Every structure is written in C-alpha cells, then in structure tokens.
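Given the sequences, and given the hints that come with them, work out the whole structure.
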Amino acid sequence: MAETAAPVKKIKLVVTRQDEPTSKPYTEEFEIPYRPGMNVISALMEIQRNPVNAKGDHTAPVCWESNCLEEVCGACSMVINGKPRQACAALVDKLEQPIRVEPMRTFPVVRDLVIDRSRMFNALKRVKAWIPIDGTYDLGPGPRMAEQKRQWAYELSKCMTCGVCLEACPNVNEKTDFIGPAAISQVRLFNAHPTGALNADERLEALMEDGGIEGCGNSQNCVRSCPKGIPLTTSIAEMNKQTTKHMFKRWLTV
Amino acid sequence: MKGFYSRKLHSLLGVIPLGAFIVEHVLTNFSAYEGGKEKFDSYVTLLNSMPIVWFLEIFFIFLPLLYHGVYGLYIAYQAKPNVGRFGYERNVRYLLQRITGVITFIFVIWHVYETRFQVALGNVTHEELGQHMNSIVSNPFVFTLYVIGVISAVFHFSNGLWSFLVSWGITIGPRAQRVSSYICMTLFVIISLMFILSLVAFRGEEFQAAASLMQSVQPFIG
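Just so you know, the protein sequences line up as chains F and Y, in that order. Using UniProt numbering, the final residue of the first sequence is 254, and nothing's skipped along the way. Using UniProt numbering, the final residue of the second sequence is 222, and nothing's skipped along the way.
It should be emphasised that the hints constitute simulated quantities derived from the structure, not laboratory data. Keep in mind that a hint or two might mislead.
With the Cβ distance kept under 10 Å, some of the chain Y side facing chain F (calculated, not the full set) [stated by the list, open to error]:
id, residue
1, F4
2, P17
3, A20
4, F21
5, H25
6, Y77
7, Q78
8, V83
9, R85
10, Y88
11, R90
12, N91
13, R98
14, V166
15, I172
16, G173
From a predicted model like this one, the values you see are computed outputs, not experimental measurements. Using N, Cα and C, we set each Cβ at its ideal position, and we do this for glycine too.
What follows is the structure, given as structure tokens:
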C-alpha cells in the first residue's frame, strides 16, 4: 500500500539583507522546513544549509553572529518581528509568521544581520567598567561585601553587552552621543563593589561628561527590553542621584 | 556649558520657577471661576503690587522660559521616537513630553504676545485684562486653541515633574516612580480642569458685560 507522505510544514522568514556596510538594504523571503523546537538561529542555519529563497533562486547564505546559544553571550542580537532580542531565545513556535528578521540598525551594519557593537565596548572603557587591582605586590584579600548587596549587584553583572537596550532607546541615535543604558548600569555595579568603590569618583565623572547620563530621556524602553531583566532604570536613577550628589560635593568643597 | 549641567539646569528651571509660576497662574485664573470678576481683579492688583515685580518677571519667568524653551526644542530635535515599535506607556509619555513641549512653546509666545506684551505696549491695562481675555476666548476657535495650549502646558509640567524626580535621583526604584507617576498625573487632571474652568469663566457675562461697556464708552473717551 502506497504511503501518503504528510505535507512538509514550512515556515516563512523575511530577512532584511545588506551586502556591504555602505550598500542599500533589501528584503529576501525564505521558506524552510519546520522542525519542532526550532529557534531563529536554527532557521538561519537551515538557510545556510540550503541557500535558496522563496522564489526558488539560489542566493548567498544569510550572515549572522552567534555563540553560546543560551542567551548569555549577547552576540546574536537582532530585531525579530519588530523587537530587538536574542535570536537564540526566539522560539519559532512562539513567533508570528512570517518571521521578520532585521539587523539592529542603531549599530553599523557589517553584512546582513552582522552588526558592529564596538561603541558599547568603547563606552565600557570610557566609564572604566573594571576594578584596577594590578600592582607590584600582593594587596591581600579585599573587603567583604554584604550578602544583600551582592544579590542585587549580581543581577547587574548579568549584562552581556548585547546592545538591545541601545536599540530600544529613542535617545541613542545619530543626533546624540548618548552612551546608552548598559554602561550606566555597569558604573552602578562597579561602584557598589567594595574595591571598585575606591575609584567611584572617576566613573561618576565619566558619566558627567558629554554624552553621559544626561542623555537619558526617561522613555524606559531599556528596562522593558533587556533580555536579562536587569533593572536598568533603577540603575540610571541611582546614578542620577550619585552624579547629582557628586556635582554638589565638587561645588561646595573646592 | 557641559551637557550634564545644561540638562540639569533645564530640568530644574522647568519646576522652579516655571512650574511654580504655572501653579500661581492657575490659582489667579481660577479666582475668576470662584469669585468672578471682582476676585480676579483683586488678584491681578495684588500680583502687580508686589515689590520689584519687573525683576521677578524677568529673572523668574522670562529668562528661565527662554532657556527652557530653546534648549527644550534642541532636546526634542535629538529624539528619535519609536512608539510604533515600543508602545509602552512611559515611551508614549516620552513622545508626548516632546510634542506638548513644542505646542507649549508656540502657545506661550502667542499668549504672551496677546496679553503681557499688549500691556507693555500700553494697549491694555492690568485692570482691563479680564475683559481682554473675554474678547479673546469668546471666539470658539480661539477658545479651542487655548484649551489645547493649556492642556499641553499642564501635561508638559506634570510629566516633567515626574522626570525631574527621576533625573535628580529622588525617585529611584520602580515603586517610587509608579507612585510619583500617579501623583503627577492626578496633578495634570486637576490643574487642567482648573485652567479650563477659568477659561469658561472668562467667557461669562460678567466679563463680557464689562467688555461691552468698554466698547460702548470707547467712542466717548476716544
């Protein structure tokens, strides 16, 4: 008896593509076979395996970046159905079709979905988001940190510099030099650390430079978009308080 | 001036003195609704009998208004609203803050030209301001524009007060920001209603009667 093959379920993807950093973006549609438990990354892998678009034409495989595939590295940020998020955590079953995949245009597009997030790492350097402990002799163990403080500081340390908060922010654009929510939250993290607090003023002063904390316009999209659930607006408001205090301290003690 | 300080100053001036001035203005106007022409006139006289009133007007109203308005236009220009993609309440208020700011900027220029500037030119005296307002807002079209202008200005102030509390690091956590948001939006409703009621009062017969009286005596007093 002839077996009737079940029709292969297909999913539809609309990818915004760009061949070069300066060339014009265009969209291309893809229809790929569905597999249970698929996410956007595995859908893109399917295109890579068989780079044929919905019209049946052979095309260049779509470029993207990804690493950990468990939402901790921040590399696969892209705009999926209008919202910036991690592609690895975007399950196809939970997405409306056709799935629209675009690069995060707040950043320079390198090719297709690959973006250059250098500005985020430069922002971390600007605010000195590290604890300087290197020296010529052993400094011994640092002071202890209260457990209660460690718990909320740990939440801030989950930031993976993915850039989603910058993409969601209406004040991060070509008309401003705002460093964005991520770096501001990192100042709060490193200033909360007992050893990091030794350099607290330097970080606050970095936030008071042009393009620093004053760029925030309180739209609060960042906290709604952060894939790690970091309380970014609480960090920003706390840094508003600390920089304001620092401003008065500088005025009144010199 | 570095961005940090100019932005902080912008935020501060919006509350003190400009926010305080809005509250003073609504109380004075509301007297027209509460106590009619007599009470309104007495408040106008009281305000103008304050010592160094010209100094207060220049340094506590005009110059702060100029700075807040011009720098505010620059802030509005820098925004790239994305309410279409992120239709969250706070993001909608972010956009409204900028739109109402621009409307208020235009409204205030027009309103100051029609009232304070005419007083400065000598076309209207302080005592005539009540009937002057009556002749302005009696036109239904102008009345509508005034209502829009007033609602925009009050929203801009109330929502600006909310973001002032965030920008100066007073309300930090989500609960504090939510509570202050309720308070500020209540303030928006109350002050807007008071302004609209005073505009309605200015359309009343009491102010109109005086206006028509003025018109009837105008030919005789030249």
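Checked hints:
For Y:F4, the interface hint holds, the least distance from its beta-carbon to any beta-carbon of chain F being 4 Å, beneath 10 Å. For Y:P17, the interface hint is violated, the least distance from its beta-carbon to any beta-carbon of chain F being 19 Å, above 10 Å. With a cut of 10 Å, the hint placing Y:A20 at the interface with chain F is violated, because the nearest CB-to-CB distance is about 20 Å. Because the closest C-beta pair between Y:F21 and chain F is about 23 Å apart, greater than 10 Å, the hint is violated.
Annotation: interface hint on Y:H25 violated; nearest CB of chain F at approximately 26 Å, more than 10 Å. With a least beta-carbon distance of about 7 Å to chain F, the hint placing Y:Y77 at the interface is held under the 10 Å criterion. Because the beta carbon of Y:Q78 sits about 5 Å from the nearest beta carbon in chain F, less than 10 Å, this interface hint is met. With a cut of 10 Å, the hint placing Y:V83 at the interface with chain F holds, because the nearest CB-to-CB distance is about 8 Å.
With 10 Å as the threshold, the beta carbon of Y:R85 comes within range of chain F, its nearest partner Cβ sitting at about 5 Å, so the hint holds. Because the smallest distance between the Cβ of Y:Y88 and any Cβ of chain F comes to about 6 Å, under 10 Å, the interface hint for this residue holds. Here the hint on Y:R90 is kept, as its CB sits about 4 Å from the closest CB of chain F, short of 10 Å. Interface restraint check: Y:N91 against chain F, minimum CB-CB distance 5 Å, threshold 10 Å, status holds.
Using the Cβ-Cβ criterion of 10 Å, the hint placing Y:R98 at the interface with chain F is satisfied: the shortest such distance is roughly 8 Å. Given the 10 Å rule on beta carbons, the hint for Y:V166 holds: about 5 Å separates it from the nearest Cβ of chain F. With a cut of 10 Å, the hint placing Y:I172 at the interface with chain F holds, because the nearest CB-to-CB distance is about 4 Å. Of the supplied interface hints, the one on Y:G173 holds, with its beta-carbon coming within about 6 Å of a beta-carbon of chain F, less than 10 Å.
Checked against the numbered hints above, the structure breaks hints 2, 3, 4, 5 and satisfies the rest.
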